[in-house]
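Protein chains: 2
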Amino acid sequence: MNAEEFLDTINKKENHTAVEDMQNVMNIISNVKQQGDAALKSYTKDFDRVDIENFKVPEKILDDSLNSLSGEERQALAHITGRIKEYQESIKYSDIDNDEFKYVYRPLEKVGIYIPGGTALYPSSVLMTVVPALIAGVKEIHVVTPTFNTNNMTFGALRILGVDNVYTVGGAQAVAALAYGTETIPKVDKIVGPGNKFVALAKKLVFGDVGIDMIAGPSEILLYVDDTADPAHIAYDIFAQAEHDVNARTFLLSESTDTIDRVDKEIERLIESLDRKEIVKESLQNNHYKIADTRERLIKIINEISPEHVSIQHQDSAEIISDIHYAGAVFEGTYSPEAAGDYAAGPSHVLPTDGTGRFSHGLNVNDFLTSHAVINLKKETFDEIAEDAKLLAAKEGLSAHYESLNIRTE
Amino acid sequence: MNAEEFLDTINKKENHTAVEDMQNVMNIISNVKQQGDAALKSYTKDFDRVDIENFKVPEKILDDSLNSLSGEERQALAHITGRIKEYQESIKYSDIDNDEFKYVYRPLEKVGIYIPGGTALYPSSVLMTVVPALIAGVKEIHVVTPTFNTNNMTFGALRILGVDNVYTVGGAQAVAALAYGTETIPKVDKIVGPGNKFVALAKKLVFGDVGIDMIAGPSEILLYVDDTADPAHIAYDIFAQAEHDVNARTFLLSESTDTIDRVDKEIERLIESLDRKEIVKESLQNNHYKIADTRERLIKIINEISPEHVSIQHQDSAEIISDIHYAGAVFEGTYSPEAAGDYAAGPSHVLPTDGTGRFSHGLNVNDFLTSHAVINLKKETFDEIAEDAKLLAAKEGLSAHYESLNIRTE
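Taken in sequence, the protein lines are chains A and B. Everything in the first sequence is counted per UniProt numbering, starting at 1 for the first residue and increasing by one. Everything in the second sequence is counted per UniProt numbering, starting at 1 for the first residue and increasing by one.
Please keep in mind that the hints were generated in silico from the structure rather than gathered at the bench. From a predicted model like this one, the values you see are computed outputs, not experimental measurements. It cannot be assumed that every hint is accurate.
A pair counts as met if it fits within one copy or between any two copies, since identical chains are not told apart.
Claimed, not checked - With a cut-off of at most 20 Å between alpha-carbon atoms, the simulated PhoX-like pairs for lysine-lysine come out as follows:
#1 Lys300 / Lys110
#2 Lys300 / Lys139
#3 Lys92 / Lys102
#4 Lys85 / Lys102
#5 Lys395 / Lys277
#6 Lys56 / Lys41
#7 Lys300 / Lys187
Just need the whole structure built from these sequences, with the hints factored in.
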């Protein structure tokens, strides 16, 4: 399809949150608020089919998990941790001191991090969320994860990073516990990290009572390619997104239909060899878009839908990227496949989806800081602004504001 | 009271959003989504008692409003605008370029700004929200305000700043219109600005579909003083907060009960002379707290409740401020009364309230930017990380991720 047809199609596919889901999540939050740990136990039994006596993972289990890692695994985690640290330090904000105005950044005190679990392990999500918090200087990190095996790489990674407060609880109930506190889990200031749609809904509902990073939907990639890209590379980049989830979205853009056809042939040739081919097939069936049009119109698409991942494998990549305003993250060239970003490049893989990159950004060290201005006016400056400020105060009918200024000019 | 008694008292006063209010706001949003302008007209008639044919303010009205301003008023607006610009430019983020990683900031495309109205005018809120958006480089600014008089300073200030898109609609319905669009008002990317509790609830409910700045509650100030502060100054600073609203909160902290008593006497002496004395009296009756304790415990209070405004008028102000981690904004010394910050100092007066400064910050130029990383790895770097990334991909059971990396190492 061309750019216009694509924008028509995508604008018609509106995401509607089922009212029933919203109501269920509201009930879960309300029950956790009122009954604390007892509600957590009951939901964990119902949803995860696990009987939990104590949600807090004992130190011994964290140690055992660490000890069960191979030397190669430990080294990989340490190496990637180092890369993430270096990147996050390079973008961390510093205090500003402009004489009468300071602007200061302070680490958050208590942060809750959601790490997905269930049947799979996501040690990469541990690194991509905990390391930025550590670089920010967060004092207390509390991790919730529906991970019920005793020896596992998620716990091992947490132990390596020095996180002691780990709780085996997931879903909306875990978000509610972090937002309002229970007997076991303390109330935190901000909750971050990826999760399923119930986690996302719960984050939306507790927002304002605590900070949250973003409300994430299914993952997505947009690939913008020409013939300098190897079609087999592109096929695997598409598969890597599609294997996450049948709802994952993949967009293949090119100025040439021939290029798209060549990728199509590789998809066809390689798809049967995939471990998760059923998920990939269903995902491609429902949520794969191929768009050929002029460069100008293709860039317009990128800025309009602001995809979570944008991969530009094109000889004019620098030029194209300079026109991209909105994206979760941009990956340039053959050697920056999105999978490298997922695991090891440096920036966090927790990124805004479904157009929300138009107003929000991927998780980073600065999301674990809060900031404020310190205003210290000299008498001369105060005298210079007092009359104007008094004029506005009078106009707004706030006479005590007026007097609070006026008494200092006497 | 002392610090401990205060923290007990304040922790017991929990804010509960009435379920009924939430339900009403959900209905308003849903009706605006479905019926657009027709719903706006109906709500404006019901809530504001105004019949509106066309929500968009004609250019002539904006011009007339500007022309109705006195020379002094124009000059005051221009002067303050200049100060806000200078401050916001000094804290604006710049792109980072670290070879394989760029981090880039882009202005938001479409922003909605809520300016309170009703019976009063708030030209100061126009400056404190629109100027940061302009410095960021926002392309389209759409202002909603329940301001129905034709010639007024709010419109005049908007005209001076070059804002053409002004709509006379307020409340939750205005937020819904900006979030989802109507025939007259376009959907925006982010909604900012102060408003009443229905505006705050609507912002919470549309969050995620659009960005929002914060969910603000009643205004509050914490004053930390010693005998170097003039008790009459402090009394007026307290009045200036209390005159906003019977729910406005004022906290007076000192290491000495004598100091607090001296301020009390001034409050008593001056309160009857205030224009808005009924509001001030009710506010002080219900929401004024006097706390005397050690410096350590007083600073603990500040960090725990993170007040919107913190005013330190104390001979050791620098030392005290260095221990303050969480606040909306900090005002230091005699010549930085909070009222100066409201109107003219430079930083925006749109600030987090009710403890939310522990995880969020006052509105500034950077809230009108979004950002993303651009990752461009060299082949050597890719080769250096590929094995570790493949190991994690395999561990997480994502074989297409593994292949997307592996095919590039061949």
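Okay, the hints, checked on the actual structure:
Taking CA atoms no more than 20 Å apart as the test, Lys300 paired with Lys110 passes between copies only; the shortest distance there is 15 Å, against 40 Å inside one copy. Proximity of Lys300 and Lys139 under a CA criterion of 20 Å is satisfied inter-copy only: 15 Å between copies versus 43 Å inside one chain copy. Both within a single protomer and between protomers do Lys92 and Lys102 lie at most 20 Å apart by alpha-carbon distance, with minima of 17 Å and 13 Å respectively. For the homomeric pair Lys85 and Lys102, the shortest alpha-carbon distance between copies (16 Å) is at most 20 Å, but the shortest distance inside one copy (27 Å) is not.
In this homomeric assembly, Lys395 and Lys277 come within 20 Å of each other (Cα to Cα) only across copies, at 18 Å, whereas the closest approach inside a single copy is 68 Å. In this assembly of identical chains, Lys56 and Lys41 lie within 20 Å of each other by CA distance solely inside one copy; the values are 12 Å within and 54 Å between copies. For a Cα distance limit of 20 Å, the shortest separation of Lys300 from Lys187 across copies, 17 Å, qualifies, whereas the shortest one inside one copy, 43 Å, does not.
When held up to the earlier numbered hints, the structure conflicts with none and fits them all.
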